[in-house]
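Undergrad: What follows is each chain in one-letter form.
There are 2 protein chains.
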Amino acid sequence: ELPLSAARARLLSFRSHTCGELTAHHVGERVSLCGWVQYLSKNSKVVLFEFNLFFFSLCFKSASHLKSVLFDLTVESVIKVTGTVRQRPAGQENKRMPTGEVEILAESVEVFNVCRTLPFEIKDFVKKSESLRMQYRYLDLRSSQMQKNLRLRSQLVMKMREYLCNVHGFVDVETPTLFKRTPGGAKEFVVPSREPGRFYSLPQSPQQFKQLLMVAGIDRYFQMARCYRDEGSRPDRQPEFTQVDIEMSFVDQAGIMSLVEGLLQYSWPAEKGPIKVPFQTMTYEEAMRDYGVDKPDTRFSMKLMDLSEVFLSTEINFLRSALSQPEGSVQAIRVPSGAVRANPFPVPPGHTKHMLQARMYLYVNSSSVSPSYCTSRSQRPLLGNVRLLCAELLESRGVSVRDPSAFRFLWVVDFPLFLSKEEEPEQLESAHHPFTAALPEDTQLLYTEPHKVRGQHYDLVLNGCEIGGGSIRIHNASEQLYVLKNILKEDPSLLSHLLEALDSGAPPHGGIALGFDRLVSIIVGAPSIRDVIAFPKSFRGQDLMSCAPDFVSEEELKSYHISVKWPTEDEQTASGRCSSL
Amino acid sequence: ELPLSAARARLLSFRSHTCGELTAHHVGERVSLCGWVQYLSKNSKVVLFEFNLFFFSLCFKSASHLKSVLFDLTVESVIKVTGTVRQRPAGQENKRMPTGEVEILAESVEVFNVCRTLPFEIKDFVKKSESLRMQYRYLDLRSSQMQKNLRLRSQLVMKMREYLCNVHGFVDVETPTLFKRTPGGAKEFVVPSREPGRFYSLPQSPQQFKQLLMVAGIDRYFQMARCYRDEGSRPDRQPEFTQVDIEMSFVDQAGIMSLVEGLLQYSWPAEKGPIKVPFQTMTYEEAMRDYGVDKPDTRFSMKLMDLSEVFLSTEINFLRSALSQPEGSVQAIRVPSGAVRANPFPVPPGHTKHMLQARMYLYVNSSSVSPSYCTSRSQRPLLGNVRLLCAELLESRGVSVRDPSAFRFLWVVDFPLFLSKEEEPEQLESAHHPFTAALPEDTQLLYTEPHKVRGQHYDLVLNGCEIGGGSIRIHNASEQLYVLKNILKEDPSLLSHLLEALDSGAPPHGGIALGFDRLVSIIVGAPSIRDVIAFPKSFRGQDLMSCAPDFVSEEELKSYHISVKWPTEDEQTASGRCSSL
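Sequence order for the protein chains is W and F.
The first sequence: position 384 = 384 (the working numbering), numbered continuously.
The second sequence: position 145 = 145 (the working numbering), numbered continuously.
Treat the hints with caution; some may be incorrect.
One copy or two, either will do: identical chains are not told apart, so a pair holds if it fits within one copy or between any two.
Claimed, not checked - Derived SDA-like pairs (lysine to any residue); straight-line CA-CA distance at most 25 angstroms:
| id | residue 1 | residue 2 |
| --- | --- | --- |
| 1 | K485 | R116 |
| 2 | K558 | R237 |
| 3 | K159 | G169 |
| 4 | K485 | V401 |
| 5 | K148 | S420 |
| 6 | K128 | V157 |
| 7 | K565 | L12 |
| 8 | K421 | Q204 |
| 9 | K148 | P269 |
| 10 | K565 | G28 |
| 11 | K187 | E423 |
| 12 | K558 | L66 |
| 13 | K276 | L12 |
| 14 | K489 | F551 |
| 15 | K421 | S131 |
| 16 | K452 | E162 |
| 17 | K303 | R334 |
| 18 | K148 | G169 |
| 19 | K159 | K421 |
| 20 | K187 | F551 |
| 21 | K80 | E441 |
| 22 | K452 | E466 |
| 23 | K123 | D294 |
Hint data in this document are derived by calculation from the structure and do not stem from the laboratory.
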């Protein structure tokens with residue numbers, strides 16, 4: 001490991017040291033520090049602050065001379081101080097800071113910039129409204145929390161690269177973001193070209209390119225890939241996001257899973273404690289059965305329990321009638337301390353309707369068990385939600401359910417390869433994407449009972465959030481053609497380049513994509529991915545600082561052969577800072 | 001440094017070793033190799049090829065059994081071979097390959113994929129037409145040259161990251177590519193949003209964001225930044241490209257230059273020989289005077305020489321008349337071996353017109369000096385071109401002028417800050433961009449004679465190509481406002497967020513951007529940046545493999561409130577593979 005070389009860094013900068021470097025060892029040395037003024041006291045004592053989050057106290061030899069320099073300064077002004085390091089007066093040490101034993105006896109001050117009066121103090125910024133933080137993002141980022149988040153993100157990605165490139169010989173390949181529209185890619189931004197009627201598309205992932213790179217013999221590809229998804233205003237989604245994109249040749253599911261475990265273990269921030277590998281693995285069936293969801297939060301138990309056998313000869317009417325139905329069952333969640341701490345157990349707000357639809361009943365009066373009645377498997381997600389709501393409810397009443405410092409990774413495997421389309425149940429669609437290979441033991445079912453086929457797909461779940469997904473791909477052209485044409489009823493000509501490539505010596509291959517923004521947000525404990533992205537968009541897709549997107553003149557659009565179709569007045573909506581332009 | 005651990009890599013893959021790993025040390029070991037069949041002889045001898053460019057010979061224990069397996073195989077089919085390593089028979093060793101002493105006595109073969117008959121053999125691909133290579137890019141990339149290029153690129157970027165993150169504490173920050181249109185950003189792609197009439201823009205560089213990050217206290221930022229430029233069909237430009245984007249606080253020009261020198265020295269591929277730092281530095285004035293260009297190729301001399309004094313009392317009419325004009329001068333290029341090797345020295349094809357316009361004359365009959373007559377400084381670029389053409393001409397006749405293995409870096413500094421607009425000479429425009437600070441000694445001229453101001457801009461030149469440019473930025477809001485409003489006559493409200501940021505405690509800062517694709521292409525000696533980009537666009541901006549850009553239905557455009565304005569029939573143009581859709 002190469003250390004941050006203070007000597008080399010010094011040569012490149014006006015400063016001789018960073019604020020965080022100075023300790024009692026430097027007493028007597030003449031130094032120059034640069035930073036932002038945090039506090040100015042009447043006796044010209046100044047506290048200096050810098051990117052590495054260390055504060056530093058300054059005193060002045062000749063207060064009268066320097067007072068004139070400091071007179072106009074405001075908090076957050078930028079200065080350079082030259083002076084001598086000295087021990088702080090006895091009793092004034094600050095033991096909480098590594099630099100707290102020393103201070104600078106300043107000889108000269110150079111003022112680089114005087115700060116205007118800010119709309120808020122930096123330290124209060126994180127408490128302010130989201131839109132204010134976004135409008136003044138350059139100030140928001142100066143807060144210690146955002147500095148920590150962005151620096152941890154940078155270090156994490158560096159460690160990941162070291163692991164992939166240096167340990168495992170992966171090749172970092174950049175793939176285009178101006179590409180062709182994916183069949184059915186309804187969430188893809190379009191980019192008009194200078195050829196009339198033709199548009200590029202900003203891809204949701206480099207899926208096709210990574211597979212083509214395997215055909216190209218790259219063997220091990222990775223990329224911190226910028227991806228784009230136009231989802232309108234879904235909360236906590238961003239129109240552009242970053243994924244750790246990985247693909248390997250001559251590999252099976254176990255190989256990819258082992259690689260990812262090694263990757264996370266190697267790059268995991270030391271201060272968050274080590275993580276254990278291998279991660280727990282669970283089939284999709286087990287996840288749905290035990291947790292009612294395909295991304296279980298395994299930091300706590302409270303699994304769904306099947307009590308059907310207990311009630312086989314029950315006299316309770318609605319339970320008996322449920323059990324007489326096809327796939328009918330009685331499910332329960334055991335809520336430890338539920339009866340004591342959350343009695344009467346309320347129906348969580350906003351969920352009454354769903355629960356009635358599911359014909360589900362909660363009993364917590366006399367025991368800590370909440371039996372619930374499901375008519376079919378499809379109701380399980382509702383029970384999964386109830387489980388999570390129970391945890392939240394208990395936590396809100398002071399019961400410790402989930403360890404906030406725990407990181408529980410989980411692989412979910414053996415997903416169904418196809419699902420029935422909601423609007424057209426006879427027709428199948430890919431559960432993930434059309435390139436996923438079937439489990440070897442299910443491959444023959446493709447041609448007979450495709451709805452029963454399980455795919456070689458794997459999801460990585462962390463604390464109940466899906467942070468990654470991948471699969472072993474189909475590497476056989478005729479199998480891929482069959483899936484596209486006969487099962488999914490899609491036009492295979494749109495993917496003819498991929499089919500041709502598979503027919504040109506494609507190796508067996510597979511890969512994964514990790515949602516990097518989400519992963520970082522969980523690691524730093526941020527409530528939103530916006531807290532780990534330097535310049536995120538608002539939930540309406542706007543950059544509130546610059547007011548993007550913005551109007552473009554019809555003249556400028558001419559070279560792209562498009563024109564704006566203005567909506568009628570009633571259709572128009574406008575709100576927020578950037579809508580009044 | 002972490003080595004590529006064969007043991008760990010093995011666990012993740014079907015292979016026990018890569019083809020390039022096996023040497024005489026492995027004789028007797030049982031191994032599994034995966035790869036592409038390169039050659040199949042009648043006695044079932046197979047040559048296997050793999051990503052790391054090593055070939056491997058296979059022999060078969062039981063030829064009769066394996067013959068049936070191999071019967072259907074074509075070249076470029078993908079197989080796995082399991083067998084035992086053995087010494088090659090005496091006389092059959094291949095000393096040119098590390099693996100040439102051994103072969104595999106194969107026991108079993110698994111066929112993963114049979115390759116169709118390819119349009120060309122892989123090894124011939126690089127000789128084929130550009131459009132064919134692009135259409136079958138996944139095959140083109142299988143060639144050893146493209147494999148080397150992409151792998152070197154990946155290693156180079158990894159070393160750069162190590163230097164910036166691990167040695168100098170830079171923070172890797174991702175900035176948005178969906179942003180606001182830059183004032184005058186005529187080359188920016190637009191991306192329609194769901195808000196009527198509003199468009200994002202794909203930025204040409206993260207210039208504003210990197211400056212905002214300095215205001216945000218990030219101190220040292222870098223990013224391998226994807227940038228976008230819509231230049232229609234300029235040769236050897238790509239609509240998306242990658243730059244090494246760097247910005248630092250509390251730094252001066254010398255600091256940035258020293259950082260970049262260290263960066264290139266640290267990351268330079270060992271096989272290309274070491275590079276010396278510091279790089280040569282030259283002012284813009286010197287470059288124009290001596291080389292007639294602001295990006296001189298310093299691998300050879302042949303500088304422009306001012307012979308005005310020699311001809312002060314000349315009787316030659318046209319020279320006398322030239323010298324009598326304001327800024328008139330007589331310039332010459334001394335072409336070593338020019339008279340001998342290129343006699344008569346021809347006017348290079350296609351340049352006759354330019355040279356007549358410049359009223360330039362070449363004499364090479366009696367000496368090796370080519371005097372040329374310039375009416376003013378503005379003719380110097382023509383002389384600079386002649387210098388390069390002379391070099392090309394000599395090289396085409398077998399004279400060694402430029403060492404093809406030499407890498408000559410050069411800093412060009414002290415550029416003019418503003419230039420007169422061509423169409424409106426009274427009006428100034430930024431020579432680079434409006435954020436560049438003046439040289440400290442020229443700052444006062446901003447308010448009096450702005451056309452005389454030199455900027456703190458620096459270009460990095462390698463072998464006559466500009467591979468980077470940067471500057472110390474204006475960090476004072478009122479100076480920035482003055483430049484935008486009073487000198488450039490631009491509407492400052494479009495940059496109000498940046499002006500506000502500068503007023504909020506902006507540190508002094510500066511940076512640079514290196515054109516990464518161009519840098520890699522020079523290092524590997526590729527004729528085009530398309531040879532170092534995995535999936536480049538054609539010169540018309542098309543992806544010839546997938547036929548992007550493509551048509552999008554009017555229905556799909558509805559949510560973006562745009563419609564296509566189809567040109568009339570005469571305006572339409574169509575050609576090439578992807579235009580017939």
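Undergrad: Now tell me if each hint is right for this structure.
TA: Hints, verified against the model:
{"no.": "1", "hint": "K485 - R116", "verdict": "between (64 angstroms within a copy, 21 angstroms between copies)"}
{"no.": "2", "hint": "K558 - R237", "verdict": "between (32 angstroms within a copy, 22 angstroms between copies)"}
{"no.": "3", "hint": "K159 - G169", "verdict": "both (14 angstroms within a copy, 14 angstroms between copies)"}
{"no.": "4", "hint": "K485 - V401", "verdict": "neither (48 angstroms within a copy, 60 angstroms between copies)"}
{"no.": "5", "hint": "K148 - S420", "verdict": "neither (45 angstroms within a copy, 46 angstroms between copies)"}
{"no.": "6", "hint": "K128 - V157", "verdict": "neither (29 angstroms within a copy, 39 angstroms between copies)"}
{"no.": "7", "hint": "K565 - L12", "verdict": "neither (53 angstroms within a copy, 53 angstroms between copies)"}
{"no.": "8", "hint": "K421 - Q204", "verdict": "within (21 angstroms within a copy, 42 angstroms between copies)"}
{"no.": "9", "hint": "K148 - P269", "verdict": "within (12 angstroms within a copy, 34 angstroms between copies)"}
{"no.": "10", "hint": "K565 - G28", "verdict": "neither (71 angstroms within a copy, 74 angstroms between copies)"}
{"no.": "11", "hint": "K187 - E423", "verdict": "within (19 angstroms within a copy, 44 angstroms between copies)"}
{"no.": "12", "hint": "K558 - L66", "verdict": "neither (59 angstroms within a copy, 64 angstroms between copies)"}
{"no.": "13", "hint": "K276 - L12", "verdict": "between (41 angstroms within a copy, 18 angstroms between copies)"}
{"no.": "14", "hint": "K489 - F551", "verdict": "between (40 angstroms within a copy, 21 angstroms between copies)"}
{"no.": "15", "hint": "K421 - S131", "verdict": "neither (38 angstroms within a copy, 40 angstroms between copies)"}
{"no.": "16", "hint": "K452 - E162", "verdict": "neither (41 angstroms within a copy, 48 angstroms between copies)"}
{"no.": "17", "hint": "K303 - R334", "verdict": "within (7 angstroms within a copy, 87 angstroms between copies)"}
{"no.": "18", "hint": "K148 - G169", "verdict": "between (30 angstroms within a copy, 14 angstroms between copies)"}
{"no.": "19", "hint": "K159 - K421", "verdict": "neither (41 angstroms within a copy, 48 angstroms between copies)"}
{"no.": "20", "hint": "K187 - F551", "verdict": "both (22 angstroms within a copy, 16 angstroms between copies)"}
{"no.": "21", "hint": "K80 - E441", "verdict": "between (69 angstroms within a copy, 21 angstroms between copies)"}
{"no.": "22", "hint": "K452 - E466", "verdict": "within (24 angstroms within a copy, 59 angstroms between copies)"}
{"no.": "23", "hint": "K123 - D294", "verdict": "neither (40 angstroms within a copy, 47 angstroms between copies)"}
Checked against the numbered hints above, the structure violates hints 4, 5, 6, 7, 10, 12, 15, 16, 19, 23; every other hint is satisfied.
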